[in-house]
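Visitor: The residues making up each chain are set out below.
Protein chains: 2
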Amino acid sequence: MRKIGALIFPGFELLDLFGPMEMFGLLPEQFELELIAETTGAVVSGQTLAAHATHDLNATPDFDILFVPGGRGTRAEVHNTKLLDWIRRASDQAEFTLSVCTGSALLARSGVLNGRQATTNKLAFDWVAQQGPKVDWVHSARWVEDGPFITSSGVSAGMDMALGAIALMHGDETAEKVAGWGEYIWNKDRHDDPFAK
Amino acid sequence: MRKIGALIFPGFELLDLFGPMEMFGLLPEQFELELIAETTGAVVSGQTLAAHATHDLNATPDFDILFVPGGRGTRAEVHNTKLLDWIRRASDQAEFTLSVCTGSALLARSGVLNGRQATTNKLAFDWVAQQGPKVDWVHSARWVEDGPFITSSGVSAGMDMALGAIALMHGDETAEKVAGWGEYIWNKDRHDDPFAK
Chain A
1 MRKIGALIFP GFELLDLFGP MEMFGLLPEQ FELELIAETT GAVVSGQTLA AHATHDLNAT
61 PDFDILFVPG GRGTRAEVHN TKLLDWIRRA SDQAEFTLSV CTGSALLARS GVLNGRQATT
121 NKLAFDWVAQ QGPKVDWVHS ARWVEDGPFI TSSGVSAGMD MALGAIALMH GDETAEKVAG
181 WGEYIWNKDR HDDPFAK
Chain B
1 MRKIGALIFP GFELLDLFGP MEMFGLLPEQ FELELIAETT GAVVSGQTLA AHATHDLNAT
61 PDFDILFVPG GRGTRAEVHN TKLLDWIRRA SDQAEFTLSV CTGSALLARS GVLNGRQATT
121 NKLAFDWVAQ QGPKVDWVHS ARWVEDGPFI TSSGVSAGMD MALGAIALMH GDETAEKVAG
181 WGEYIWNKDR HDDPFAK
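The listed protein sequences derive, respectively, from chains A and B. Take the first sequence: its position 79, counted from the start at 1, is 79 in my numbering, and no numbers get skipped. Take the second sequence: its position 58, counted from the start at 1, is 58 in my numbering, and no numbers get skipped.
Hint data in this document are derived by calculation from the structure and do not stem from the laboratory. Hints are not guaranteed to be accurate.
Because identical chains cannot be distinguished in the list, a pair is counted as satisfied if it fits within a single copy or across any two copies.
Below 30 Å or equal to it, Euclidean Cα-Cα: the simulated DSS-like pairs (lysine-lysine) are [as the list claims (entries may be wrong)]: (1) Lys188 / Lys82; (2) Lys188 / Lys122; (3) Lys197 / Lys3; (4) Lys197 / Lys134; (5) Lys122 / Lys197; (6) Lys188 / Lys177.
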């Protein structure tokens with residue numbers, strides 16, 4: 001059983017978060033999910049609907065997997081040192097650190113991606129790359145795995161990445177089963193990125 | 001501008017709701033999103049994470065689009081006459097009524113799908129069909145359009161349906177643009193259902 005801590009902030013992208021959470025959530029024996037934010041309670045997404053955080057940043061980050069979504073809110077959060085400090089501590093003690101879309105801008109700013117390969121979404125690629133000049137940014141990839149870091153392209157690529165992470169931890173067959181339960185057509189080749197063209 | 005009312009309940013399926021909400025939410029000039037539940041505040045999904053409802057069933061249902069996700073919670077809600085009454089009223093005055101996965105069980109039970117074609121997910125197909133003996137259930141379809149009713153197959157099919165609904169309301173080009181922004185590989189042929197085999 002792995003505990004996933006998903007960090008949210010005002011202006012997070014709905015599907016960045018809930019696409020992967022659905023995939024992990026379909027394996028309740030394997031993954032426990034928690035939402036963390038600077039303050040607990042309703043956190044409003046970039047699409048106006050709100051998720052409900054049950055943990056704040058004062059809780060000791062004891063997650064096996066740190067998960068960071070993107071969204072327009074990252075534009076402000078790259079300057080939030082309290083959040084970046086928490087990301088660094090949570091990532092340091094986690095087995096895996098995952099991000100979707102511009103979530104990798106927050107990982108990059110916290111320094112944990114230095115010397116690592118990572119990706120992000122296409123529409124904000126240059127801005128994200130500027131947040132981590134020491135990161136080896138990969139432009140064409142549905143998602144990128146480098147040691148404990150798994151980063152995905154924009155929004156929907158997070159679901160493909162989540163299934164990739166499940167495959168890494170529990171085997172391909174389990175990931176295929178989860179995709180089937182969710183009637184999800186898994187784009188399982190992480191090097192095949194139709195949006196890079 | 002169309003107002004979408006998404007009805008949630010304990011045990012709703014995360015991606016049933018937030019996949020489509022992402023797609024509609026990427027067009028904030030065209031769609032306004034609201035979450036409704038029996039009581040406002042945190043509503044816990046089948047995957048344990050909670051969404052935050054801002055309206056309860058006492059509010060007059062004045063939505064242009066009624067949206068109903070599925071999830072294991074539907075097993076209890078098919079017996080919730082207060083909820084079913086609200087669905088009937090909201091659907092009667094809406095321009096479109098959409099459901100994902102077992103959300104169509106709630107629509108069927110409320111009676112609004114009688115005489116209509118509709119679909120649902122594969123794993124609960126027989127149970128859902130029993131909730132609406134007068135509904136013309138379609139087994140193989142990514143989603144089904146019948147007049148104001150647009151119903152989708154399991155979980156992830158909701159995203160394809162949402163893009164289909166956007167295409168219906170704003171044209172194919174707009175739907176393709178939204179898919180591109182979300183780096184989503186749209187399965188746009190609603191008759192091509194790989195999970196029906």
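Visitor: Now tell me if each hint is right for this structure.
Guide: A quick look at each hint next to the structure:
no.	hint	in the structure
1	Lys188 / Lys82	neither (36 Å within a copy, 43 Å between copies)
2	Lys188 / Lys122	both (19 Å within a copy, 22 Å between copies)
3	Lys197 / Lys3	neither (36 Å within a copy, 35 Å between copies)
4	Lys197 / Lys134	within (25 Å within a copy, 48 Å between copies)
5	Lys122 / Lys197	within (10 Å within a copy, 35 Å between copies)
6	Lys188 / Lys177	both (13 Å within a copy, 23 Å between copies)
In summary, the numbered hints that this structure violates are 1 and 3.
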